[in-house]
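Participant: Sequence:
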Amino acid sequence: MKAWLLLLLMAPALAQDLHPGRQLAATCANCHGTQGRARGTAMPLLAGMPADAMLARLLDYRSGRLPGTVMPQIARGYTEAQLREVAAYFAAQARP
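Numbering (mature numbering (1 follows the signal peptide of the UniProt record, and there is no 0)), first residue to last: -15 to -1, 1 to 81.
No lab work stands behind these hints: they were computed from the structure. In this text the structure is predicted, and so the values were computed from the model without any measurement. Virtual Cβ for every residue (Gly too), placed ideally from N, Cα, C. There's no promise every hint is true.
FRET-style restraints, in silico, Cβ to Cβ [claimed, not checked]: (1) G49 x A79: 29 to 39 Å; (2) P81 x G49: 28 to 38 Å; (3) T12 x S48: 15 to 25 Å; (4) V55 x T19: 26 to 36 Å; (5) R7 x M28: 12 to 22 Å; (6) C16 x A38: 29 to 39 Å; (7) G62 x M28: 14 to 24 Å; (8) N15 x P81: 14 to 24 Å.
Please work from the sequences and hints to get the whole structure.
Facilitator: So this is what it looks like as structure tokens:
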């Protein structure tokens, strides 16, 4: 098989995001910056945060155990599995 044909057939697979949490985490960029690297100190840095710590915090927001202005509403919009993906995505990001 010619190399160009093989590349053409593989293009859809190559275009897929390698980390499913990335699309879910796009909402977080509004406040926490791209890839969880917030500018300034007003918002917590998410990049490199341990996934288990972030998941616990997100679940606390979702349940109402942790108060907040926007985060409880946002966290309630995700399933626990989706929150796990978001936490894993940010844990994989390098801290600035």
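Participant: Does each hint fit the structure? Answer for all of them.
Facilitator: Hint check results:
1. Distance hint for G49 and A79: a CB-CB separation of about 32 Å, consistent with the stated range 29 to 39 Å.
2. For P81 and G49, the Cβ-Cβ distance of about 31 Å falls inside the hinted range of 28 to 38 Å, so the restraint holds.
3. For T12 and S48, the Cβ-Cβ distance of about 19 Å falls inside the hinted range of 15 to 25 Å, so the restraint holds.
4. About 18 Å separates the C-beta atoms of V55 and T19, a value inconsistent with the hinted range of 26 to 36 Å.
5. At roughly 19 Å, the beta-carbon separation of R7 and M28 lies within the given 12 to 22 Å, and the hint holds.
6. Range check, C16 to A38: about 18 Å between beta-carbon atoms, so the 29 to 39 Å window is missed.
7. Here the CB-CB span from G62 to M28 is close to 19 Å, well matched to the stated 14 to 24 Å.
8. At about 18 Å, the CB distance of N15 to P81 agrees with the hint of 14 to 24 Å.
When held up to the earlier numbered hints, the structure conflicts with 4, 6 and fits the remainder.
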